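Visitor: Take the given structure of chain F and dock chains E and P to it, following the hints.
Chains as they are written, first to last, in this note's numbering: chain F, 1 to 296; chain E, 297 to 608; chain P, 609 to 926.
Bear in mind the hints are in silico, worked out from the structure with no lab data behind them.
Computed from a predicted model, the values in this text were never measured in an experiment.
All C-beta atoms, glycine included, are put in the ideal place defined by N, C-alpha and C.
Some hints could be false.
[Unchecked claim] Computed list of lysine to aspartate or glutamate pairs in EDC-like fashion (alpha-carbon distance at most 20 Å, straight line):
#1 Lys548/E / Glu589/E
#2 Lys830/P / Asp732/P
#3 Lys693/P / Asp679/P
#4 Lys358/E / Asp732/P
#5 Lys548/E / Glu339/E
#6 Lys830/P / Asp319/E
#7 Lys204/F / Asp58/F
#8 Lys358/E / Glu323/E
#9 Lys830/P / Glu468/E
#10 Lys358/E / Asp814/P
#11 Lys830/P / Asp418/E
#12 Lys693/P / Asp880/P
#13 Lys358/E / Glu370/E
#14 Lys548/E / Asp482/E
#15 Lys204/F / Asp66/F
#16 Lys830/P / Glu327/E
#17 Lys204/F / Asp189/F
#18 Lys358/E / Asp319/E
#19 Lys830/P / Glu818/P
#20 Lys358/E / Glu818/P
#21 Lys548/E / Asp534/E
[Stated by the list, open to error] If you anchor each label on the Cβ, the simulated ranges turn out as follows:
#22 Arg738/P / Ala110/F: 33 to 41 Å
#23 Leu767/P / Leu269/F: 19 to 27 Å
#24 Arg738/P / Thr258/F: 30 to 38 Å
#25 Leu269/F / Glu661/P: 52 to 60 Å
#26 Glu339/E / Ser197/F: 35 to 43 Å
#27 Leu669/P / Gly157/F: 20 to 28 Å
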Amino acid sequence: MSDIDVARTDAVAQEAARVAAPPRVLHRLLRRPAAVCALVILLVMTGAALLAPVITGDPNAFVAVDRLRPPSFSQIFGTDNLGRDVYSRTVFGAQASLTAGIVTALITTAIGVVLGILAGMFRWFDAIVMRIVDGVMSFPIIVLALSMTAILGPGLGTVILAMVIVFVPGMTRVVRSTALVASGLPMVDAARAVGASGARIFWKYVLPQCSTPILVQAAITFTTAVLVESALSFIGAGLPPDVPSWGASLSEARNYLTTAPWMWGFPGLALILTVLSMNILIDNVRDIMDPRAGGR
Amino acid sequence: MTAPLLDIRELSVTASTASGPYDAVREVSLEIPRAGAVAMVGESGSGKSLTALAVAGLLGEKLTPTGSILFDGEELVGMPAARRREIAGRRIGFVFQEPMSSLHPILTVGQQIDEGLRAHYDMTTRQRADRVRELLATVGLSNTRDIVGDRIGQLSGGMRQRVMIAMAISCEPELIIADEPTTALDVTLQRQVIDLLASLRERLGLSLMLITHDLGVVAETCEQAVVMYGGQVVERGDTRTLLHEPAHDYTKALVLSIPTLGDTRRRLPTVASVAPWLSDTRQIPLADRPLTEMSQIAPDHWVRSTTAKDAA
Amino acid sequence: MLRYLGMRLLALLPTVAVPLILVFLLLRLAPGDPAALLLGDSATPEQVEALRETLGLNAALPVQFGRFLVDVLTLNLGESIFLGKPVVEVIPQYALVTLEISFFALVVALVLGIGLGALGAFRDGRPAGRIATALSIVGISIPQFVTALILIVVFASGLHWFNVGGFVPLSQGYFPHLRSIALPALALGIAESAIVARITRGSILDVIREPFVTTARSLGVKPSRIASVQIIRVAALPIITVSGLLVASLLSGSAVVETIFGIPGMGRLLLDAVSRRDYQLVQGVVLFTGVFVILVNLVVDLYYAVVDPRVQLGRKSS
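Isolated chain F, as found in the complex (with noise of 0.2 Å):
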């Protein structure tokens, strides 16, 4: 077939893949307000993570001998039942609750895309692993990170490892969906007409589109991730508890809630607006890449 012809559909697949992009949608998403104060948080909350041991002091540190003050100059936060900073504590949080989502989304981002495009390629594949998979789906998270702590011991690990098991389907039927569209575009058919090879139609015509999908799966992944981190620190079954998490923080606040609501309402409010953030971001590319579906 003549190289100009592959040039042609080539240069359709670029463009669609120009469109469905990252970068372009990222440039769309600055334009809208809402989308804007969910990315500065986010950057805010991570930046706060990174700098932790900068920005404040020891988490564990007993800073006051005055336990359950109220915020203050000196602890801006105030401090807890025994004696610690609450800011301190809520930005070291910030470490554990974002290590635990992005590492569980990355892990799942990765296993997820090589499962779901082989369930793709291949009808076996597909029929058998997609099966187990989606049975997994469907087992309470907390239920089994549980059991699984009881084996391997508590500890972010464990953690980390139940998530992925349970959060991988959903990538997997992700990447599996979309490469099927992508896949059943007309200009895939146009470049088969023009003799363009498997791997290229792979590379260049499916898996761009595949690109910001999976990152909206990530997304979703690492919310849920945080929240699941955070029960279950809460509860106790998550990290040790000496590392300082929101979850536990907001655990070790179950006696005070009235008598001292900054022990509770730091680390909450951190924990929601992360969360929340990453939640008004998701929502804001959804609606970006498929305007027409239910609106906002």
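Guide: Just chains E and P now, kept in the frame of chain F:
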């Protein structure tokens, strides 16, 4: 002459888009006499569907009609929603283009036709059920198996379209608007649907507004035709006259592009996507152009002037 | 219909199989000797060995798995080491409590969620709809335990309508019992309702745009009737589809909520079993949870098939 059943005068439909208001339909005027049939002809995007939707009161939120639509003397533009609902179905029926998506996927045929009856009549369940069977028989669906309990997914394309027609006539309307009722069907089914519409028209004394881009159908079924382009009426009048002595360049091009038996041409002429007076190098969008005049050149023949006015 | 359900059952088997196999494998392959862990540091090697024999830990892995399968199928789930009773005796009473709370939570989630979602859809773009939509996106960002804490602050500590903690069993009176589970059920239900609201809203908005709605309008059918008869029928499908996942989510959340309110449910049971390394009990809970989730999903599938017969014909719906 008795007053026409439907009298549209200078109807415009404005769409509010992200980049400002846009006139999708501009000052359309036409009449449909009682028991008369008028065809609306034009390519996609010419505004014929929007005009029909405006008459039926089915425009979406972002579309605003201005001008006048008189139905049996009543003004439809700006009519309160409640009164509109009384007229919809009961006096104006609508047949949609794509029956697969325009009929409810889960409710049965009987249930769907029932909804229309419930809205306008005070009948018992038994009476409604009888009426449903009557209607199905009228559209020729009683010889096949009893489909009242079927869902539309179980019916063939032709049957679905008949169900749609049955729904449209269920409340004995005076005007039926059919929006490209045959476009989604194959040729044999097209024949059946057109024949059905024609026979219903005769039997029930209906007026018909038929939207189509098939000039053959127009010639057969409608005494009058309205040719639309770019949201405007470019020519209208007696069908025979329009087809044999078209006055507007666009109509001429349409007629010329129909292949005929004994045609010796090797290539069919196509209608240029830009009408003559639009081939202006400055490329002003159609909506911004000043409307030219509509003049009557015969008792039943109006045409819009093709000469542009002084440049804006 | 039977065939359809049979196929669904087969498809759902991994839901219980995978976690169970996982637990089985982890128990035998994880570092540390389970028997030694169970007996503690003071055990003699002979005692450890004896326990290993009892638990059948010395046999080859496939053999162990075979025995395991047989045990599972005959409901011979062993004894809880710490409670001294057979697992199958221990679980039911805790399970009932969790199921009761989850049921009420489900009702709350559906009523609140569908209401909020419908509001967001039918008043889309208007103030009421905007508030509803905003509420639901905030709602999915708040974990259940935070909702629970807020409810405690407002209703228990603040208004003194309820007590914090202290589960009252049914035997001590219907009303006190209900009072003790009201807050946990509410916390769980409110947290879940946000997801239901979002799905409902999206689903209704999709359906409103469908052509058959225009057809109904062309017949002069009143908007309220179009909404209740035609739209809901189709919009409800995704909600039904997702109910299976909803229940799983409720079971997950209930573990957390039970801890806060001191409710003796499956979540608490599991938590205690985990901290005491009561493996048989952990296994039992996993099995029970898996089976329950499968049953719920089957019921949902059954209901879905009744509501939308197209599914049985193998055709895709919506």
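Visitor: For the pair we were handed, Lys358/E and Asp814/P, check the Cα-Cα distance against 20 Å.
Guide: holds (17 Å)
Visitor: Lys358/E and Asp732/P: Cα distance at most 20 Å?
Guide: holds (14 Å)
Visitor: Holds or violated: Lys830/P and Glu818/P, Cα atoms, limit 20 Å.
Guide: holds (17 Å)
Visitor: Verify the proposed pairing of Lys693/P with Asp880/P, using a straight-line Cα cut of 20 Å.
Guide: Given that 20 Å is the threshold and the Cα spacing comes to 15 Å, the pair holds.
Visitor: Lys548/E and Glu339/E: Cα distance at most 20 Å?
Guide: Holds - the C-alpha atoms of Glu339/E and Lys548/E are around 14 Å apart, at most 20 Å.
Visitor: Do the alpha carbons of Lys204/F and Asp66/F lie within 20 Å of each other, as the hint requires?
Guide: With a Cα-Cα distance of about 63 Å, the restraint between Lys204/F and Asp66/F is violated, given a limit of 20 Å.
Visitor: Taken at face value, is the distance from the CA of Glu589/E to the CA of Lys548/E at most 20 Å?
Guide: holds (19 Å)
Visitor: Can you tell me whether the CB distance of Arg738/P to Thr258/F sits inside 30 to 38 Å?
Guide: holds (32 Å)
Visitor: Check whether the Cα positions of Lys548/E and Asp482/E lie no farther apart than 20 Å.
Guide: Distance ~27 Å between Lys548/E and Asp482/E Cα, so the pair is violated.
Visitor: Range first: 20 to 28 Å. Now tell me if the beta carbons of Leu669/P and Gly157/F are that far apart.
Guide: holds (24 Å)
Visitor: Are the Cα positions of Lys358/E and Glu370/E separated by 20 Å at most?
Guide: This hinted pair is violated, its Cα atoms lying about 24 Å apart.
Visitor: Assess, step by step, whether the Cα of Lys830/P is no farther than 20 Å from the Cα of Asp732/P, and give holds or violated.
Guide: holds (19 Å)
The structure shown violates the earlier hints numbered 6, 7, 13, 14, 15 and 16.
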